[in-house]
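Asker: Residue numbering for the sequence shown follows this note's numbering, beginning at 1 and increasing consecutively.
Derived by calculation from the structure, the hints in this document are not laboratory data.
Here the structure is a predicted model, which means the values were calculated and not measured.
Certain hints may be false.
What the hints assert, rightly or not - Dumping the calculated SDA-like pairs for lysine to any residue here, alpha-carbon to alpha-carbon at most 25 Å:
hint: 1; residue 1: K305; residue 2: F290
hint: 2; residue 1: K138; residue 2: M184
hint: 3; residue 1: K140; residue 2: G183
As the list claims (entries may be wrong) - Simulated restraints on C-beta separations:
hint: 4; residue 1: D168; residue 2: N312; range: 23 to 33 Å
hint: 5; residue 1: S110; residue 2: S285; range: 41 to 51 Å
hint: 6; residue 1: N207; residue 2: S70; range: 40 to 50 Å
hint: 7; residue 1: S139; residue 2: P330; range: 42 to 52 Å
hint: 8; residue 1: S139; residue 2: S45; range: 25 to 35 Å
hint: 9; residue 1: M279; residue 2: T117; range: 51 to 61 Å
hint: 10; residue 1: W206; residue 2: P39; range: 19 to 29 Å
hint: 11; residue 1: N312; residue 2: P94; range: 37 to 47 Å
hint: 12; residue 1: E119; residue 2: D276; range: 39 to 49 Å
hint: 13; residue 1: D276; residue 2: R118; range: 38 to 48 Å
The beta-carbon is built from N, C-alpha and C at its ideal position, and this holds for glycine as well.
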Amino acid sequence: MKYKKATMQHLHMSIIILLLLAFLFPLDAVAGLSAVAPPISWKVSNKADSKWITANGSFIDPVLDNSIMSYTTYFGFYSIDGKSFILSIVISGPQAPVIWSANPENPVNSGAILNFTREGNLILHNGDGTTVWSTATKSKSVAGMVLDVYGNLVLFDKDNISVWQSFDHPTDTLVLGQSLCRGMNLSIRTSNTKWPSARVYFSAEWNGLQYSFKPAAFTKLFETSTIASTCCAFANGSFGFPDNIFFLPSARSLQFMRLESDGHLRLYEMQGTLQDPLMLFDVLSTEMKFCDYPMACGDYGVCSKGQCSCPNLNDFRFQNERLPSAGCIPLRSPSCDHVQDNNNRLILLNNVL
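Starting from the given sequences, assemble the full structure and let the hints guide the process.
Answerer: Rendered as C-alpha coordinates:
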(Lines of atoms letter the chains of each structure in order from A and count residues from 1; the text may use other names and numbers.)
(Lines give C-alpha, C1' and ligand atoms only; values in the text may rest on other atoms or scores of the structure.)
Protein backbone atom coordinates (compact mmCIF):
# COMPACT_ATOMS: atom_id res chain seq x y z
CA MET A 1 0.00 0.00 0.00
CA LYS A 2 1.33 3.41 -0.95
CA TYR A 3 1.99 5.77 1.91
CA LYS A 4 -0.62 8.47 2.61
CA LYS A 5 -0.63 11.05 -0.17
CA ALA A 6 -0.91 13.91 2.32
CA THR A 7 2.50 13.07 3.74
CA MET A 8 4.41 12.18 0.57
CA GLN A 9 6.06 15.61 0.30
CA HIS A 10 7.09 15.37 3.91
CA LEU A 11 8.57 11.92 3.28
CA HIS A 12 10.65 13.09 0.32
CA MET A 13 12.14 15.90 2.42
CA SER A 14 12.70 13.49 5.30
CA ILE A 15 14.59 11.10 3.03
CA ILE A 16 17.20 13.78 2.28
CA ILE A 17 17.60 14.61 5.96
CA LEU A 18 17.84 11.05 7.18
CA LEU A 19 20.36 10.02 4.51
CA LEU A 20 22.65 12.77 5.80
CA LEU A 21 22.06 11.62 9.35
CA ALA A 22 22.98 8.06 8.46
CA PHE A 23 26.52 9.27 7.73
CA LEU A 24 26.85 12.00 10.34
CA PHE A 25 25.21 10.24 13.29
CA PRO A 26 25.28 6.48 12.65
CA LEU A 27 25.13 5.30 16.27
CA ASP A 28 23.44 7.78 18.57
CA ALA A 29 19.99 9.34 18.44
CA VAL A 30 19.56 12.96 17.44
CA ALA A 31 16.86 15.04 19.18
CA GLY A 32 14.25 17.12 17.35
CA LEU A 33 13.82 14.88 14.29
CA SER A 34 10.73 13.49 12.57
CA ALA A 35 12.62 10.90 10.50
CA VAL A 36 15.75 8.74 10.76
CA ALA A 37 17.55 6.01 8.83
CA PRO A 38 18.97 2.78 10.29
CA PRO A 39 21.11 1.81 12.07
CA ILE A 40 20.48 3.98 15.12
CA SER A 41 19.64 3.41 18.77
CA TRP A 42 18.17 5.27 21.72
CA LYS A 43 18.55 4.69 25.44
CA VAL A 44 16.25 6.03 28.14
CA SER A 45 17.90 9.24 29.29
CA ASN A 46 18.19 10.42 32.89
CA LYS A 47 18.96 13.99 31.82
CA ALA A 48 16.19 16.39 32.79
CA ASP A 49 16.78 18.64 29.78
CA SER A 50 16.15 15.75 27.37
CA LYS A 51 12.58 15.21 28.59
CA TRP A 52 9.31 16.91 27.72
CA ILE A 53 7.39 17.20 31.03
CA THR A 54 3.60 17.56 31.25
CA ALA A 55 1.43 19.44 33.73
CA ASN A 56 0.39 16.21 35.48
CA GLY A 57 4.01 15.23 36.16
CA SER A 58 4.33 12.57 33.48
CA PHE A 59 7.02 13.00 30.85
CA ILE A 60 8.32 11.63 27.59
CA ASP A 61 11.94 11.16 26.60
CA PRO A 62 11.48 11.88 22.86
CA VAL A 63 12.91 9.87 19.99
CA LEU A 64 11.04 11.62 17.15
CA ASP A 65 8.58 14.51 17.00
CA ASN A 66 6.45 16.30 14.44
CA SER A 67 3.89 19.11 14.44
CA ILE A 68 0.41 19.75 13.08
CA MET A 69 -1.53 22.98 13.70
CA SER A 70 -0.20 24.18 17.06
CA TYR A 71 0.39 20.67 18.43
CA THR A 72 3.44 18.46 18.57
CA THR A 73 3.31 14.68 18.58
CA TYR A 74 6.15 12.83 20.28
CA PHE A 75 7.34 9.25 19.86
CA GLY A 76 9.53 8.08 22.71
CA PHE A 77 9.79 6.67 26.21
CA TYR A 78 6.75 7.75 28.25
CA SER A 79 6.66 7.54 32.05
CA ILE A 80 4.43 8.68 34.88
CA ASP A 81 6.81 7.76 37.71
CA GLY A 82 10.32 8.05 36.24
CA LYS A 83 10.97 4.35 36.91
CA SER A 84 8.98 2.41 34.32
CA PHE A 85 8.64 3.43 30.67
CA ILE A 86 6.27 2.66 27.81
CA LEU A 87 7.26 3.27 24.19
CA SER A 88 4.45 5.60 23.14
CA ILE A 89 3.18 8.37 20.90
CA VAL A 90 1.69 11.34 22.77
CA ILE A 91 0.21 14.73 21.84
CA SER A 92 1.56 17.85 23.53
CA GLY A 93 -0.68 19.44 26.13
CA PRO A 94 -1.37 19.42 29.90
CA GLN A 95 -2.67 15.83 29.89
CA ALA A 96 -0.37 14.69 27.06
CA PRO A 97 -2.89 12.14 25.76
CA VAL A 98 -1.25 8.86 24.74
CA ILE A 99 -2.53 7.84 21.29
CA TRP A 100 -0.45 4.68 20.79
CA SER A 101 1.75 2.36 22.85
CA ALA A 102 4.05 -0.49 21.87
CA ASN A 103 4.28 -2.20 25.27
CA PRO A 104 1.40 -0.96 27.46
CA GLU A 105 1.29 -4.13 29.58
CA ASN A 106 5.04 -4.67 29.79
CA PRO A 107 6.84 -1.44 30.77
CA VAL A 108 10.64 -1.30 30.64
CA ASN A 109 13.15 0.18 33.10
CA SER A 110 15.59 3.07 32.82
CA GLY A 111 18.21 0.87 31.15
CA ALA A 112 16.00 0.09 28.15
CA ILE A 113 17.28 0.54 24.59
CA LEU A 114 15.36 1.00 21.34
CA ASN A 115 17.30 -0.32 18.34
CA PHE A 116 16.52 0.50 14.72
CA THR A 117 18.72 -2.18 13.19
CA ARG A 118 20.57 -2.21 9.89
CA GLU A 119 18.18 -4.97 8.76
CA GLY A 120 15.21 -2.62 9.27
CA ASN A 121 13.80 -4.03 12.50
CA LEU A 122 12.69 -1.73 15.33
CA ILE A 123 13.31 -3.59 18.60
CA LEU A 124 12.75 -2.59 22.23
CA HIS A 125 15.09 -4.24 24.74
CA ASN A 126 14.73 -4.03 28.50
CA GLY A 127 17.70 -3.16 30.70
CA ASP A 128 18.56 -6.86 31.10
CA GLY A 129 18.69 -7.36 27.33
CA THR A 130 15.38 -9.20 26.94
CA THR A 131 13.27 -8.35 23.90
CA VAL A 132 10.02 -6.66 24.90
CA TRP A 133 8.59 -5.63 21.53
CA SER A 134 9.48 -5.59 17.83
CA THR A 135 7.99 -4.49 14.50
CA ALA A 136 9.17 -7.81 13.00
CA THR A 137 10.32 -6.03 9.84
CA LYS A 138 13.75 -7.65 9.49
CA SER A 139 14.78 -8.18 5.85
CA LYS A 140 11.84 -6.14 4.50
CA SER A 141 14.08 -3.52 2.87
CA VAL A 142 13.24 -0.79 5.37
CA ALA A 143 15.00 2.48 4.43
CA GLY A 144 13.81 4.75 7.22
CA MET A 145 11.31 5.62 9.92
CA VAL A 146 9.13 8.73 10.20
CA LEU A 147 6.63 10.11 12.69
CA ASP A 148 4.14 11.91 10.47
CA VAL A 149 2.07 14.96 11.36
CA TYR A 150 -0.94 12.77 12.21
CA GLY A 151 0.94 10.83 14.89
CA ASN A 152 1.46 7.75 12.73
CA LEU A 153 4.84 6.02 13.10
CA VAL A 154 5.82 4.58 9.72
CA LEU A 155 8.67 2.33 8.59
CA PHE A 156 9.08 2.72 4.83
CA ASP A 157 11.23 1.34 2.01
CA LYS A 158 13.35 3.15 -0.60
CA ASP A 159 10.24 3.81 -2.72
CA ASN A 160 8.46 5.53 0.21
CA ILE A 161 6.05 2.61 0.52
CA SER A 162 4.89 1.79 4.04
CA VAL A 163 6.27 -1.51 5.36
CA TRP A 164 4.85 -1.12 8.88
CA GLN A 165 2.82 1.61 10.59
CA SER A 166 1.42 2.16 14.07
CA PHE A 167 -2.00 3.01 12.57
CA ASP A 168 -2.32 -0.71 11.76
CA HIS A 169 -1.71 -1.67 15.39
CA PRO A 170 -3.99 0.56 17.52
CA THR A 171 -4.11 0.23 21.30
CA ASP A 172 -7.04 2.09 22.87
CA THR A 173 -7.14 5.21 20.67
CA LEU A 174 -7.90 6.29 17.10
CA VAL A 175 -6.92 9.70 15.74
CA LEU A 176 -8.73 11.63 13.02
CA GLY A 177 -7.90 10.01 9.68
CA GLN A 178 -7.26 6.55 11.13
CA SER A 179 -9.36 3.46 10.37
CA LEU A 180 -10.27 0.38 12.36
CA CYS A 181 -10.08 -2.45 9.84
CA ARG A 182 -10.90 -6.12 10.03
CA GLY A 183 -8.31 -7.88 12.18
CA MET A 184 -7.59 -4.74 14.25
CA ASN A 185 -9.08 -3.91 17.64
CA LEU A 186 -9.09 -1.36 20.41
CA SER A 187 -8.72 -2.72 23.92
CA ILE A 188 -9.21 -1.45 27.45
CA ARG A 189 -5.94 -1.56 29.34
CA THR A 190 -5.84 -4.31 31.96
CA SER A 191 -4.49 -1.75 34.43
CA ASN A 192 -8.00 -0.24 34.41
CA THR A 193 -9.66 -3.43 35.66
CA LYS A 194 -9.04 -5.86 38.51
CA TRP A 195 -9.48 -8.83 36.17
CA PRO A 196 -6.00 -9.23 34.64
CA SER A 197 -6.97 -12.43 32.82
CA ALA A 198 -9.85 -10.75 30.99
CA ARG A 199 -9.80 -8.00 28.40
CA VAL A 200 -12.42 -5.93 26.62
CA TYR A 201 -11.96 -5.54 22.86
CA PHE A 202 -13.73 -3.34 20.34
CA SER A 203 -13.21 -4.53 16.79
CA ALA A 204 -14.36 -4.37 13.19
CA GLU A 205 -15.43 -7.82 12.01
CA TRP A 206 -16.75 -9.16 8.72
CA ASN A 207 -20.35 -8.63 9.88
CA GLY A 208 -19.95 -5.29 11.66
CA LEU A 209 -18.66 -3.69 14.84
CA GLN A 210 -18.53 -5.72 18.03
CA TYR A 211 -17.34 -5.79 21.60
CA SER A 212 -15.77 -8.93 22.98
CA PHE A 213 -15.04 -9.64 26.61
CA LYS A 214 -12.44 -12.35 26.44
CA PRO A 215 -12.47 -15.10 27.45
CA ALA A 216 -16.28 -14.64 27.36
CA ALA A 217 -18.63 -13.89 24.47
CA PHE A 218 -19.21 -10.78 22.36
CA THR A 219 -21.84 -8.08 21.90
CA LYS A 220 -22.57 -7.18 18.28
CA LEU A 221 -23.47 -3.53 17.61
CA PHE A 222 -24.78 -3.78 14.09
CA GLU A 223 -24.21 -5.67 10.86
CA THR A 224 -23.01 -4.06 7.66
CA SER A 225 -25.12 -4.60 4.57
CA THR A 226 -22.13 -5.65 2.49
CA ILE A 227 -19.01 -7.62 3.34
CA ALA A 228 -17.02 -5.28 1.08
CA SER A 229 -16.87 -2.76 3.96
CA THR A 230 -13.75 -4.00 5.70
CA CYS A 231 -12.71 -0.78 7.46
CA CYS A 232 -14.48 1.50 9.91
CA ALA A 233 -13.10 4.97 9.11
CA PHE A 234 -12.70 7.90 11.52
CA ALA A 235 -13.26 10.88 9.22
CA ASN A 236 -14.12 14.51 9.87
CA GLY A 237 -17.72 14.38 11.07
CA SER A 238 -18.23 10.62 10.98
CA PHE A 239 -17.10 7.19 12.17
CA GLY A 240 -18.20 3.94 10.59
CA PHE A 241 -18.50 1.81 7.49
CA PRO A 242 -19.68 3.37 4.21
CA ASP A 243 -23.18 1.99 4.80
CA ASN A 244 -23.37 2.38 8.61
CA ILE A 245 -22.14 5.69 9.99
CA PHE A 246 -22.08 7.38 13.39
CA PHE A 247 -22.23 11.13 12.81
CA LEU A 248 -19.80 13.21 14.90
CA PRO A 249 -19.20 16.91 15.60
CA SER A 250 -17.04 18.41 12.86
CA ALA A 251 -13.39 18.93 13.75
CA ARG A 252 -12.26 22.42 14.68
CA SER A 253 -8.96 21.09 15.98
CA LEU A 254 -7.09 17.80 16.37
CA GLN A 255 -9.51 15.01 17.37
CA PHE A 256 -9.07 11.53 18.79
CA MET A 257 -11.40 8.86 20.19
CA ARG A 258 -10.51 6.55 23.04
CA LEU A 259 -11.99 3.29 24.38
CA GLU A 260 -12.21 3.96 28.11
CA SER A 261 -12.40 1.84 31.25
CA ASP A 262 -16.22 1.80 31.29
CA GLY A 263 -16.35 0.50 27.70
CA HIS A 264 -17.48 3.80 26.15
CA LEU A 265 -15.82 5.09 22.99
CA ARG A 266 -15.51 8.86 23.53
CA LEU A 267 -14.52 11.60 21.10
CA TYR A 268 -12.10 14.29 22.30
CA GLU A 269 -10.83 17.47 20.70
CA MET A 270 -7.64 19.34 21.57
CA GLN A 271 -8.26 22.83 23.00
CA GLY A 272 -4.80 24.29 22.70
CA THR A 273 -1.52 23.39 24.33
CA LEU A 274 -2.52 24.97 27.67
CA GLN A 275 -5.91 23.27 28.12
CA ASP A 276 -7.08 19.69 28.59
CA PRO A 277 -8.78 17.94 25.64
CA LEU A 278 -12.55 18.53 25.54
CA MET A 279 -14.83 15.48 25.57
CA LEU A 280 -17.24 16.14 22.69
CA PHE A 281 -19.33 13.04 22.17
CA ASP A 282 -20.08 9.50 23.33
CA VAL A 283 -19.62 7.93 19.89
CA LEU A 284 -21.83 4.84 20.23
CA SER A 285 -24.58 6.42 22.35
CA THR A 286 -27.15 6.33 19.54
CA GLU A 287 -26.85 2.53 19.29
CA MET A 288 -25.94 1.51 22.84
CA LYS A 289 -27.97 1.68 26.06
CA PHE A 290 -26.29 1.97 29.46
CA CYS A 291 -26.30 -1.77 30.20
CA ASP A 292 -25.10 -2.68 26.69
CA TYR A 293 -21.54 -1.64 27.53
CA PRO A 294 -19.33 -4.52 28.74
CA MET A 295 -17.89 -2.60 31.72
CA ALA A 296 -20.98 -0.51 32.55
CA CYS A 297 -20.92 -1.46 36.24
CA GLY A 298 -17.24 -2.21 36.74
CA ASP A 299 -15.67 -5.33 38.21
CA TYR A 300 -18.22 -7.82 39.63
CA GLY A 301 -21.01 -5.28 39.05
CA VAL A 302 -24.38 -6.33 37.66
CA CYS A 303 -26.24 -4.08 35.23
CA SER A 304 -30.00 -4.52 34.99
CA LYS A 305 -32.64 -2.08 33.71
CA GLY A 306 -30.11 0.75 33.58
CA GLN A 307 -29.02 0.34 37.21
CA CYS A 308 -25.84 -1.04 38.82
CA SER A 309 -25.87 -3.45 41.75
CA CYS A 310 -23.69 -6.10 43.36
CA PRO A 311 -24.54 -9.82 42.92
CA ASN A 312 -25.68 -9.76 46.56
CA LEU A 313 -24.75 -7.79 49.65
CA ASN A 314 -23.81 -10.84 51.71
CA ASP A 315 -20.80 -11.60 49.53
CA PHE A 316 -20.02 -8.25 47.87
CA ARG A 317 -20.01 -4.54 48.62
CA PHE A 318 -19.82 -1.48 46.39
CA GLN A 319 -16.33 -0.16 45.80
CA ASN A 320 -17.81 3.34 46.11
CA GLU A 321 -21.29 3.68 47.63
CA ARG A 322 -21.79 7.02 45.87
CA LEU A 323 -20.71 5.63 42.50
CA PRO A 324 -22.30 2.19 41.89
CA SER A 325 -20.84 2.05 38.36
CA ALA A 326 -17.35 1.79 39.90
CA GLY A 327 -18.03 -1.90 40.58
CA CYS A 328 -18.09 -4.24 43.54
CA ILE A 329 -15.56 -5.87 45.84
CA PRO A 330 -15.89 -9.48 47.08
CA LEU A 331 -15.93 -9.73 50.87
CA ARG A 332 -13.85 -12.91 50.71
CA SER A 333 -11.64 -14.53 48.09
CA PRO A 334 -12.75 -17.78 46.42
CA SER A 335 -10.95 -20.83 47.77
CA CYS A 336 -10.39 -24.39 46.60
CA ASP A 337 -9.84 -25.51 50.19
CA HIS A 338 -12.52 -28.11 51.00
CA VAL A 339 -12.69 -26.77 54.56
CA GLN A 340 -14.05 -23.49 53.16
CA ASP A 341 -16.39 -25.06 50.60
CA ASN A 342 -19.43 -23.61 52.34
CA ASN A 343 -18.21 -20.10 51.49
CA ASN A 344 -18.25 -20.74 47.73
CA ARG A 345 -21.51 -20.88 45.82
CA LEU A 346 -23.13 -19.89 42.55
CA ILE A 347 -25.52 -16.95 42.63
CA LEU A 348 -28.56 -16.87 40.34
CA LEU A 349 -29.00 -13.48 38.66
CA ASN A 350 -32.35 -12.50 37.15
CA ASN A 351 -33.19 -9.94 34.45
CA VAL A 352 -29.61 -9.83 33.19
CA LEU A 353 -28.79 -10.11 29.49
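Asker: If a hint holds in the structure, say so; if it doesn't, say that too.
Answerer: Status of each hint after checking the structure:
1. K305 - F290: holds, 9 Å
2. K138 - M184: holds, 22 Å
3. K140 - G183: Since the Cα atoms of K140 and G183 sit roughly 22 Å apart, the hinted pair holds (cutoff 25 Å).
4. D168 - N312: 23 to 33 Å: violated, 45 Å
5. S110 - S285: 41 to 51 Å: holds, 42 Å
6. N207 - S70: 40 to 50 Å: holds, 41 Å
7. S139 - P330: 42 to 52 Å: holds, 51 Å
8. S139 - S45: 25 to 35 Å: holds, 30 Å
9. M279 - T117: 51 to 61 Å: violated, 41 Å
10. W206 - P39: 19 to 29 Å: Cβ of W206 to Cβ of P39: about 40 Å, so the range 19 to 29 Å is violated.
11. N312 - P94: 37 to 47 Å: This hint holds: roughly 43 Å between Cβ atoms.
12. E119 - D276: 39 to 49 Å: For D276 against E119, whose Cβ atoms are near 42 Å apart, the range 39 to 49 Å holds.
13. D276 - R118: 38 to 48 Å: holds, 42 Å
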